[in-house]
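Sequence lines, in order, name chains A and B.
Under my numbering, the first residue of the first sequence carries the number 1, and numbering increases by one thereafter.
Under my numbering, the first residue of the second sequence carries the number 1001, and numbering increases by one thereafter.
It should be emphasised that the hints constitute simulated quantities derived from the structure, not laboratory data.
It is possible that part of the hints are untrue.
What the hints assert, rightly or not - Only part of the chain A face toward chain B is listed, based on derived beta-carbon distances under 7 Å:
| # | residue |
| --- | --- |
| 1 | Leu97 |
| 2 | Ala99 |
| 3 | Arg105 |
| 4 | Leu120 |
| 5 | Asp123 |
| 6 | Cys265 |
As the list claims (entries may be wrong) - Residues of chain A placed beyond 10 Å of chain B at every Cβ, according to the derived structure:
| # | residue |
| --- | --- |
| 7 | Glu6 |
| 8 | Ser55 |
| 9 | Val56 |
| 10 | Trp142 |
| 11 | Arg145 |
| 12 | Asn156 |
| 13 | Arg161 |
| 14 | Gly169 |
| 15 | Trp172 |
| 16 | Ser195 |
| 17 | Gly196 |
| 18 | Met201 |
| 19 | Gly222 |
| 20 | Ala225 |
| 21 | Tyr238 |
Ideal Cβ placement from N, Cα and C applies to all residues, glycine included.
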Amino acid sequence: VIDSLEIAIVAATPLLLAVQGELFAQRSGLVNLGLEGMMLTSAMTAVVVAQLTGSVAAGFAGGIAGGMLVAAIFGIFAIRMSADQIVTGTAINLLALGATGFIYREMQHNAMFARPVPHLDQDLIVPAAWILFPLALGGLLWNTRFGLGLRACGENPEAARAAGISVSGYRWLGLGIEAILVGLAGAHLSLALSSGFAENMTAGRGFIALSIVIFGRWKLKGAVAGTALFGIAAALQYALQAMNRGVPFHLLLAFPYVVTLLILCGLTGGVRAPEALGKRER
Amino acid sequence: VRRALYASLATLASLGLLGAFAMAFGHSPRELAIVLFNGAVGSPFAIEGSLLKTVPLLLTGLAVVIAFRSGVWNIGAEGQFIVGALAAFICARGGIVTALLAGMLAGAAWASIAIVLRFWRNAPEVLSTILLNFIAIHLLGWCVNGPLQEASGKYPQSEATLELPLLGRTSVHAGLLIAIGAAMASWYLLYRTATGLRIRATGLNPSAATWAGVAVRRHVFLSMALSGAMAGLAGAIELFGVTHRLFERFAAGYGYSGIAVALLGQLHPLATMVSAAFFGALVTGAGELQRSADVPSSLATLGQALIVLVLIISGSFRSRD
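Let the sequences and hints guide you as you build the complete structure.
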């Protein structure tokens, strides 16, 4: 039981990193539906850089660079041009899916990318993602002027602007934090959990992460607890499938989303979404 | 007409970008264009393939258009597509018409959940529809592994079900006519009826619409339900016309592609027909590229994304009228 729990935790690590990243973006008022594409892109750039340099560390840096690249595209459209965030996010998912799929297949013709992908042995990302990051990011969000400003931009951008805060500046920073975390998530997915890239390898993790942000009520504690729950539910699925007891594990998989939906409706009391979430800045 | 020009220019620009991208990987854009064109419309077989792909894209595109007209982005078309197909499969015993209606009803119901939650509990529909997509995907997974699995129990898929009649001697099914009819009906509803006018007023400016005496909530609800019905119909037609079976990866991203289709169609029902045909041809042509020229078919997805981004830049779809 302990073993499978550990596997569940390790397997859910990219998810948790992405959840924390999206949480920061959403606290600043941005809904980044392009999270899926961001993670997919950084999974690919991580593998490419790791293969070119032969170093895992460089691969992780490459993953972050990939996340930054997607964040830059999202930011130019959603912040700079105040384009619709939902349309932009959807376009970015299509863009990442198309571009990574294309580049991946093209790479197969190139001998350089036939080299083995360096694999991460000592996985420090897991404890960092589950303990260090939530504590540090929680402190940043709730106990600093920066965190206050960021939350203000997500709740009431007009008031924030009146108080002399640069709303777009804070949103860029929130997006930047997301890019770093999601870059790590993509790199962890392709360099630690698997060894290499595969087409559409994120397989909906970005959208699951979006759900967990809601499940965790836009809080880091909730992010950790929610990811653990979703991760364990996914691990249970494989266990049940292996035992083949005829338990309807697909219904079990749907259950966390039903609960999340109830949380979104505030039926379990408490916190709601940041007020200005997803609204266009004029 | 000006907006059609905009859309065509944006498409040309995106195709240019796409060619540049392919060139960066050592392909000749001219050869690519020739293979793509022939693969999409170069033979009767290719045209049939393109039309088959056009049907689901047109219906999910219409779903996005109708919802958007009342000011709602329906990104839950994927889930509505799935429940539509599920309901249609279950009701197939009652004949094809009953089954298609059941699919529409199920899609409408699934979309309504999101809008009810928004009015009742202020839950943003962008987030709730994503959750509903997941619930639909797992529901389908349960069905094809459990109650609806084929009797042999070999694969996680359902038994084969009814088939839509084909048009003449082609491989194109009657769903094409239904989809075109749906586009005409949507145009008539939105532009030629009082209800359509109220829906559009709601989307343009909800508070002004309220002052003008429009029951805003009722019209948002109505257009979202209609939108879900279109997506559900798309799923049902795809089931009876193309796949004939349900399986886990049934939706294949049609719900999300519908957003690109709707945007290129300038969020107008009739223009959406052109845009869906274009994307259908693009997808089919890209499939041919992969088979005969060994160029990844992901090029089609990339093309959809580039078109949306270029359209945002040109800002043409912001003027909603």
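Results of checking the hints against the structure:
no. : hint   : verdict
1   : Leu97  : holds, 5 Å
2   : Ala99  : holds, 6 Å
3   : Arg105 : holds, 4 Å
4   : Leu120 : violated, 27 Å
5   : Asp123 : violated, 28 Å
6   : Cys265 : holds, 4 Å
7   : Glu6   : holds, 25 Å
8   : Ser55  : holds, 25 Å
9   : Val56  : holds, 27 Å
10  : Trp142 : holds, 23 Å
11  : Arg145 : holds, 28 Å
12  : Asn156 : holds, 16 Å
13  : Arg161 : holds, 22 Å
14  : Gly169 : holds, 22 Å
15  : Trp172 : holds, 18 Å
16  : Ser195 : holds, 22 Å
17  : Gly196 : holds, 17 Å
18  : Met201 : holds, 13 Å
19  : Gly222 : holds, 15 Å
20  : Ala225 : holds, 18 Å
21  : Tyr238 : holds, 14 Å
In this structure, the hints that do not hold are numbers 4 and 5, in rising order.
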